[in-house]
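Peer 1: Here is what each chain is made of, one letter per residue.
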Amino acid sequence: MKIAVGQGSCGTAAGAGKIFSLLQKSISNGGLEADLTITGCIGMCFLEPIVDIYDDAGLKRLVKVTENDVEAITDYIKTGTASKIEHLLITGEDNAFLTKQTRVALRHFGLINPEDINDYIAAEGYTALKKALAMTPGEVIDEVKLSGLAGRGGAGFPTWFKWDAARKSEGNPKYLICNADEGDPGAFMDRAIIESDPHLLIEGMLIAAYAIGADNAVVYVRAEYPLAILRLTKALEQAAAAGFLGESILGTAFGCDIRIKAGAGAFVCGEETALIESLEGNRGMPRLKPPFPAESGYWGKPSNINNVETYANVPWILLNGGPAFASMGTEDSKGTKVFALTGKVKRGGLVEIPMGKTLRDVIFDIGGGIRGDARFKGVQMGGPSGGCIPASLIDTPIDYKKLGALGAIMGSGGMVVMDDSTCMVGIAKFFLDFTAKESCGKCVHCRIGTKRLLEILERICAGEAKPGDGELLEELGKEVKSGSLCGLGQSAPNPVLSTLNYYKSEYEAHIHEHKCPAHECKSLIMYLIDSEKCTGCTLCAKKCPVGAIAGEVKKPHAIDNDLCTKCGNCYQVCKFGAVRIL
Amino acid sequence: MMKQIKIFSAEFRLLEEMLDTYKNIPGSLITVLQKAQEIYGYLPTEVLSLIADGLEIPVAKVFGVASFYTQFRFQPVGKYLILLCKGTACHVNASQAIEQAIEEELGIKDGQTTPDGLFTLKNVACLGCCSLSPVMMVNEDTYGSLTPDKTKKILQKLRELSA
Chain A
2 MKIAVGQGSC GTAAGAGKIF SLLQKSISNG GLEADLTITG CIGMCFLEPI
52 VDIYDDAGLK RLVKVTENDV EAITDYIKTG TASKIEHLLI TGEDNAFLTK
102 QTRVALRHFG LINPEDINDY IAAEGYTALK KALAMTPGEV IDEVKLSGLA
152 GRGGAGFPTW FKWDAARKSE GNPKYLICNA DEGDPGAFMD RAIIESDPHL
202 LIEGMLIAAY AIGADNAVVY VRAEYPLAIL RLTKALEQAA AAGFLGESIL
252 GTAFGCDIRI KAGAGAFVCG EETALIESLE GNRGMPRLKP PFPAESGYWG
302 KPSNINNVET YANVPWILLN GGPAFASMGT EDSKGTKVFA LTGKVKRGGL
352 VEIPMGKTLR DVIFDIGGGI RGDARFKGVQ MGGPSGGCIP ASLIDTPIDY
402 KKLGALGAIM GSGGMVVMDD STCMVGIAKF FLDFTAKESC GKCVHCRIGT
452 KRLLEILERI CAGEAKPGDG ELLEELGKEV KSGSLCGLGQ SAPNPVLSTL
502 NYYKSEYEAH IHEHKCPAHE CKSLIMYLID SEKCTGCTLC AKKCPVGAIA
552 GEVKKPHAID NDLCTKCGNC YQVCKFGAVR IL
Chain B
204 MMKQIKIFSA EFRLLEEMLD TYKNIPGSLI TVLQKAQEIY GYLPTEVLSL
254 IADGLEIPVA KVFGVASFYT QFRFQPVGKY LILLCKGTAC HVNASQAIEQ
304 AIEEELGIKD GQTTPDGLFT LKNVACLGCC SLSPVMMVNE DTYGSLTPDK
354 TKKILQKLRE LSA
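Residue numbers (this note's numbering), protein chains in the order written: chain A, 2 to 583; chain B, 204 to 366.
For the record, the hints were derived by calculation from the structure and aren't laboratory data.
Hints are not guaranteed to be accurate.
[Said to hold, decoys possible] Straight-line C-alpha distance at most 30 Å; calculated DSBU-like pairs for lysine-lysine:
#1 A:K567 with B:K238
#2 A:K567 with B:K360
#3 B:K356 with A:K516
#4 B:K226 with B:K238
Keep in mind that this is a model prediction, so the values were computed, not measured.
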């Protein structure tokens, strides 16, 4: 019997580590015959912690396991009595979250132990590298060209083109860089890939390094991802010991080393030239392009940068052939894409689907729809560089061009679902607050423009909008886009412009009527007690932190709006629905 | 309060050794700052000067880089470092109310430390545990699906533990 506990960051945060050690204790104390191991992220974050039991009967996937369930699991190991763990088994409906996906980059998720290279090798690991090394670098690039793989980090630039440019570029040495500085709040697929299948990244990078002629590679990973750094460090050690790194790999003339560089926290370092500056020990401020990194990158040498998910697709492409990858997806966008589905969705986690599936497929079919069956209001795609897509466009197929035409972007694949309780002006403000803080300061339009956009949004949310603020946002947004050097500034106004476009009435309600339809902007709402519904139970008065609610027992209470801080406690605690928001 | 850097302290020796290791490796300033912060818990001004001397670069460059990245801090942090996630999923799931609860319970705002040196609050962009949102980390432990009440209880418990 094999027991695997899902230990990605999500699982660990949900308590998987404690469950693992309790299981370990009870197995060794009881002298039980069970092989306890870990696996990475399974991608079903909404069901964490997850324990998989493999025995003669096949796989039993136990979900939302608590420390109290360890006894029942131990009992099952001992006696095979399944009755006590039946309530933990994944339901068919929840399992559909997985079965409806097509996994390429995530294909080993939940199946292998990320800390054991033998698990990876047993799953066809490093065979793509063998295959690649038997080809010429030009043939490898041709295969990637046939696949139609485009950069999964955001820009969607054809991968083969970058590789080809770096290969043909004069200069020595050449460098290969992996961008694992996943700074987009709401996206976590790169972290999950490194935590759950680090050898896949290593193999993809080695193939790319061979293709461009680099013997030196570096993974620039967010310092906020300690578990990813730990697992990648272990994986690199194991790969080196097994002869997949270093000199004359697999007995060929090709040699390559990979090292890790921990980033220090700056969103702009997701931009490739800023990342290079940071690698060189400087402030992460973007360089003027051209020259592109393929000509003059790290230390002025030809360099190729791709993100984690891009490299993670490469071994599959080599194994199955470029055309097989290209057979999935649309005319414009080939292959599969991983999305981090979060927000007000019932089933959140990592979703990998062929391009061309619709937003409805992802949010409703796979994600199960909106929590509490509330109304779907829209989905934010691409994080601070992306935009919001409204409910009316939910049947849009997911591909680079179609999303771009709607004012959103594929981005790295963050997909945050929103219901009626999310204020769209508030969401624009949220992202501008982020980009204004993260702007590196090099370009005036970005440095000052994002700040001014933020100030306008702040006054709109505070009920202090000036006439014409909507138009001002639009004008300034366009200026910032055109006046900025890098992707951060060029895309920073997207969250504002897309919400202005699709949720204009919400902006108008804020600006002209001083109302927030989502009841989120505190300055624009007021709490009232409905005297007909209020039973005078006094609970709200007890919970009010500022003593703004008064009334006699069993008689309707009232809120003093001069004192009220709009914390919403009364609204939360009232069992009779007597507290209303105006 | 400025920490006095003692020349004969164990920390100072670690810093010296580390600077020796990295001084000839180009582009290692960020790594050096990270290691220095590991040694001291933060980056005292004097340490920035020592790094500048050790790497033979201007102190303005050292400070320029250190102040650019959010990881580096110039003040010591409390015993419990609270990282409150302000990512998109947490925002949509009312992380604002959690921040308010922390502020009410501890009387500090983002970037501040309680006078007793117990808690420091730091807002961060995304912890990547989006399905557990709203989320905060206290030192190594992650707390998910927070409510204002739950947050206050967690902090109260930590305070009791250190009493």
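Peer 1: If you check each hint against the structure, which ones fail?
Peer 2: 1 and 3
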